[in-house]
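The residues making up each chain are set out below.
Number of protein chains: 2
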Amino acid sequence: MARKASLSGFPEWLPAERVVEQHVLDTLRRVFELHGFANIETRAVETRGQLLRKGEIDKEVYGLSRLAAEDEDKNDPNALALHFDLTVPFARYVVENAGHLAFPFRRYQMQKVWRGERPQDGRFREFTQADIDVVGDGSLPFSYDVELALTIADALSALPIGDFRLRVNNRKLAEGFYRGLGLDDPDAVLRAIDKLEKIGPQKVAEILTTEVGATAEQAEKALALAGICTSDVSFVEQVRALGVAHELLDTGLDELSQVISAASKRAPGKVVADLSIARGLDYYTGTVYETVLVGHESLGSICSGGRYESLASKGKKTYPGVGLSIGVTRLVSRILGEELVSAARSVPSVVYVTLANEDAWHEAQDVAAALRERGIACEVASSAEKFGKQIKYADRRGIPFVWFTHADGTHEVKDIRSGEQISADPVNWNPPAGDLVNSVN
Amino acid sequence: MARKASLSGFPEWLPAERVVEQHVLDTLRRVFELHGFANIETRAVETRGQLLRKGEIDKEVYGLSRLAAEDEDKNDPNALALHFDLTVPFARYVVENAGHLAFPFRRYQMQKVWRGERPQDGRFREFTQADIDVVGDGSLPFSYDVELALTIADALSALPIGDFRLRVNNRKLAEGFYRGLGLDDPDAVLRAIDKLEKIGPQKVAEILTTEVGATAEQAEKALALAGICTSDVSFVEQVRALGVAHELLDTGLDELSQVISAASKRAPGKVVADLSIARGLDYYTGTVYETVLVGHESLGSICSGGRYESLASKGKKTYPGVGLSIGVTRLVSRILGEELVSAARSVPSVVYVTLANEDAWHEAQDVAAALRERGIACEVASSAEKFGKQIKYADRRGIPFVWFTHADGTHEVKDIRSGEQISADPVNWNPPAGDLVNSVN
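Protein chains in written order, with my numbering: chain A, 1 to 441; chain B, 1 to 441.
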């Protein structure tokens, strides 16, 4: 990025950069809505009790206190804090509003979240996430696991980010395999496998044998499973060839096959079965998703998620869900940093309406009103400076057209890129379609 | 509102309510961009030092602290807090990025802000503001004061809020008048006049004579000035008739005349000169704006602002500005509470693609893809329940059309409102234009 944030971890964009971010958000919104997801927003704050239910993330949370209030008890569960993701607030929202929602409820949510972590490349303290989830009342058909992978593949394909891989795995497959192998603590195995990319297979094997109680052969097979990665359903054969049997493994293989076979047909090359995906400590119970930008693997996952047996619960009621979360700020910071695309101009205006003299302001407003009436964004000069200065005003902002109204009431419009100047009427002149909207290319 | 926020002062909307809020935000965005305003966002946090420069609002600020951090010093000016408006962050942004911006810089900004105040009807702890400002480097032509009134009148006219009045006054007019009257503390007079609506003219006169040192005649004239309200420039004559003369009064009358004469032509009936508008303690130096919803005056101002001689400054550099801020949440809560408009449905989907049997899922996805390709939002049934149940799914969400694919490969689409069912082809069937987008009426 050209500039450094004045507050580390809290990026802010210049107007032309914001156009790119806005384009990303608009594109996601369009695709999510085409797939029938309704938008909601939740408040930025939750009670600390709500946020800390998943104990291990407390260090990342920003607590809130009114500066005018007396010193507060940090451990008060009713005190407020900023949300650190959109899943916890969504779960609360679903429980609170269950009586007003139609289940399965499919929603998207694009909001800022905050984490007090140490900022790094692609990791921020304030950042925007774009989440889609489907949540059921009591049960949720598995076909949603397939549908969400397809929706996200559609959404990411529409973004100016180049090629990506949505890597999918299934917790039942992994757990069934480990249990079939005779390893009774599948979570511990998963935690070790999760470190594969960081520390390599040798060290993972060491953890498995010394800490998880696996034999060398069990460790080898667990690593062999994690090494399977296919863009079609051939992973099933490869798993079977490892000679492990378990009922849960069968279910997991079947579920993952459904996702991959649908995806290989509808989003060819975008979705792969990658049996190394573990998603660490998150509370997923079936399908898990992770996404890398091809050529930007070091950025980490730009879109992750999975299936929860119980996204939320109230009393005996549970709400299973499946969802994914796109790291919008991470993506946008990379798009801007690598200049993958940029905005055509720094302002929405297509036309700058000049003033021949100070008395022409009202007439110029009439021109502007006629253009706006037809959806053409424009600005009127604020004073009748020399035309050269007025043209420079437009040029500095990338406004492609300047408008002149002559003393005899006729009009001309000039494309300041080509210099071409033509007669025009504010009630029917149109800019080329490519100029009408501030495009991102 | 139908439901009470689970956390007082932090409203959350149901999906169909969010459609209304989104409509308001989309409409504002469209109008602001047609008028050439570029969008920016600023981070949610500022340093406390930055926020507390206007001393008197400290009680409303939410401070932030990482829960894992050691106890912090509340008085540390580098500690973080949530912004309470968009003006202070914008001023900082302008100073920090001055070298990258083209002045006069016109921007709009629509974000949440937070205030730790006691919640009341129309007053929230978390709420969305939509601000437009133009800021100059060193100077800013007065014509922007006119243009901003017209832009806001355009924006508010496009919202589903009924009639409104943008009331405009001018601090120079008021100060010149008071000084011409012989009152040397115009701020004290303004503060008293600001209470007019709350406590009435008798009590204001009492304050003016006992606390501000005015004679009975001076108090009478100050109140007479505040009583002037016209929808054309006739206020000038009425002020002149009070027999007060001052150079600053002349300037103020001229400036306000420019706003009102332009507005009476371009936004007839929407903008009035209201000489009672004081805008309390805000640091305005010329034009001041306030807006009431006709029939909802108790809601307070829904859009306020004015001209700052120095919105921001750095060393000897000053950045004068003029801007207005719309209270989006206040407006939306009233629109929803009074059911002024509502969304046609709770989901974006126009079509629900049914399944005749479980094997039909892929075929149904083909139908959905063909519809989405042409911008028609749709969902595919997740399992092949009885058609009655599938239709009920659509009906509960207000999805107007259900799609059937028959065993022979032909398709039919049914409008579940009218019951009409017709043959259709996914590559060329279109819903009526009024159904395509989830409309707000």
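One thing to keep in mind: the hints can contain errors.
Same chains, same names: a pair is fine if it fits in one copy or spans any two.
[To be verified] Cross-link-like lysine-lysine pairs, in silico, DSS-like; alpha carbons within 25 Å at most:
{"hint": "1", "residue 1": "K112", "residue 2": "K198"}
{"hint": "2", "residue 1": "K203", "residue 2": "K392"}
{"hint": "3", "residue 1": "K265", "residue 2": "K317"}
{"hint": "4", "residue 1": "K314", "residue 2": "K4"}
{"hint": "5", "residue 1": "K316", "residue 2": "K198"}
{"hint": "6", "residue 1": "K112", "residue 2": "K4"}
{"hint": "7", "residue 1": "K112", "residue 2": "K195"}
{"hint": "8", "residue 1": "K265", "residue 2": "K112"}
Bear in mind the hints are in silico, worked out from the structure with no lab data behind them.
Okay, the hints, checked on the actual structure:
Taking the shortest alpha-carbon separations for K112 and K198, neither the intra-copy value of 29 Å nor the inter-copy value of 39 Å comes in at or below 25 Å. Neither within a single protomer nor between protomers do K203 and K392 lie at most 25 Å apart by alpha-carbon distance, with minima of 63 Å and 55 Å respectively. For the identical chains of this complex, K265 and K317 are neighbours neither inside a copy (36 Å) nor across copies (61 Å), given an alpha-carbon limit of 25 Å. In this homomeric assembly, K314 and K4 come within 25 Å of each other (Cα to Cα) only across copies, at 19 Å, whereas the closest approach inside a single copy is 45 Å.
For a Cα distance limit of 25 Å, the shortest separation of K316 from K198 qualifies neither inside one copy, at 40 Å, nor across copies, at 52 Å. Taking the shortest alpha-carbon separations for K112 and K4, both the intra-copy value of 20 Å and the inter-copy value of 24 Å come in at or below 25 Å. In this assembly of identical chains, K112 and K195 lie within 25 Å of each other by CA distance neither inside one copy nor across copies; the values are 29 Å within and 39 Å between. In this assembly of identical chains, K265 and K112 lie within 25 Å of each other by CA distance neither inside one copy nor across copies; the values are 34 Å within and 42 Å between.
Against the hints set out earlier in the document, violations occur for numbers 1, 2, 3, 5, 7 and 8.
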